[in-house]
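K.L.:
Sequence:
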Amino acid sequence: MAALCIVLAVLAGLGAAAAVSSAGDRVKVLAIARDVPAGQSITDSDLIVAEVSADAALAPMPAADRSSVVGKRPAVDLRKGGLLTASQLGAGSGLGDNQQQVGVQIKPGQAPSGTLAPGDKVLAVTTPGQGDQAGGKAEAPPQTTPATVVSVSRPDASGTVVINLAVQTTDGPLLAARASTGHLALVRQPRSN
0 MAALCIVLAV LAGLGAAAAV SSAGDRVKVL AIARDVPAGQ SITDSDLIVA EVSADAALAP
60 MPAADRSSVV GKRPAVDLRK GGLLTASQLG AGSGLGDNQQ QVGVQIKPGQ APSGTLAPGD
120 KVLAVTTPGQ GDQAGGKAEA PPQTTPATVV SVSRPDASGT VVINLAVQTT DGPLLAARAS
180 TGHLALVRQP RSN
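Quick note on numbering: numbering that gives the first Met the number 0 labels position 74 of the sequence shown as 73, and the sequence is numbered without any gaps.
Simulated from the structure, these hints should not be mistaken for laboratory data.
Cβ coordinates follow ideal geometry from the N, Cα and C atoms, glycine included.
One thing to keep in mind: the hints can contain errors.
Straight-line C-alpha distance at most 25 Å; calculated PhoX-like pairs for lysine-lysine [what the hints assert, rightly or not]:
1) K106 / K120
2) K79 / K27
3) K120 / K79
4) K106 / K71
Derived CB-CB ranges, DEER-like [to be verified]:
5) S179 / A156: 17 to 27 Å
6) L13 / R153: 43 to 53 Å
7) G12 / P36: 50 to 60 Å
8) S66 / P127: 18 to 28 Å
9) S86 / T126: 26 to 36 Å
10) T159 / D54: 37 to 47 Å
11) V161 / L122: 11 to 21 Å
Could you put together the complete structure from these sequences and hints?
P.N.:
Here it is, written out as structure tokens:
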């Protein structure tokens, strides 16, 4: 009986040592110090270093990559306390220094349902207003503005979303004027392979 107790005590000690050893395998990674909206340039003060247990299921950016992250623009909103991953920066926001950002309110049926993501290329197409298409008139080609999706809000109760689009500075005011009428639809361009 005494030998059995000794064997159990040794096994318990080895198990505890293994647990402590695996918990000690920690890595330094980048975390978000404060909220950063999609498309806004990341500053050094937006980042903090956190230590987490090494886990193959997690893919946070190593703390050593901090200098390469500063100045990049996230494709999605970053929330305080979250770990930063490469996929949050991967697609890019589509908003360059020579572009403007325009928010457009899109109702169900005015854009492909649930398929738009940051980085997608779209055409903002002006749609005719009620009574604009008089019978017998030849249909004029639609006016289009090329844009890149910066962010997509969650749908409200009616399914309406706000989509922030990056456009050239010459197209920003025109697209904002068209969007204010509510006569706008988005066409997603093919994604490159």
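K.L.:
Is 43 to 53 Å a correct range for the gap between the Cβ atoms of L13 and R153?
P.N.:
With Cβ atoms ~50 Å apart, the hint holds.
K.L.:
Assess, step by step, whether the Cα of K106 is no farther than 25 Å from the Cα of K120, and give holds or violated.
P.N.:
19 Å, holds
K.L.:
Given the range 26 to 36 Å, decide if the beta-carbon distance of S86 to T126 lies inside it.
P.N.:
About 34 Å separates the Cβ atoms of S86 and T126, which means 26 to 36 Å holds.
K.L.:
Confirm or reject the claim that S179 and A156 have a C-beta distance inside 17 to 27 Å.
P.N.:
22 Å, holds
K.L.:
How does the Cβ-Cβ distance of T159 and D54 compare with 37 to 47 Å: does it lie in that range?
P.N.:
With a Cβ separation near 39 Å, T159 and D54 satisfy 37 to 47 Å, so the hint holds.
K.L.:
So if I understand the rule, the pair passes when the alpha-carbon distance is 25 Å or less; does K120 with K79 pass?
P.N.:
28 Å, violated
K.L.:
The hint says 50 to 60 Å between G12 and P36; measuring C-beta to C-beta, is that right?
P.N.:
51 Å, holds
K.L.:
Verify the proposed pairing of K106 with K71, using a straight-line Cα cut of 25 Å.
P.N.:
31 Å, violated
K.L.:
Okay, V161 versus L122 on CB: inside 11 to 21 Å?
P.N.:
For L122 against V161, whose Cβ atoms are near 18 Å apart, the range 11 to 21 Å holds.
K.L.:
Take a look at whether the Cβ-Cβ distance between S66 and P127 falls inside 18 to 28 Å.
P.N.:
51 Å, violated
K.L.:
With the threshold set at 25 Å, check whether the alpha-carbon distance from K79 to K27 stays at or below it.
P.N.:
17 Å, holds
The structure is inconsistent with the numbered hints 3, 4, 8, although it conforms to all the rest.
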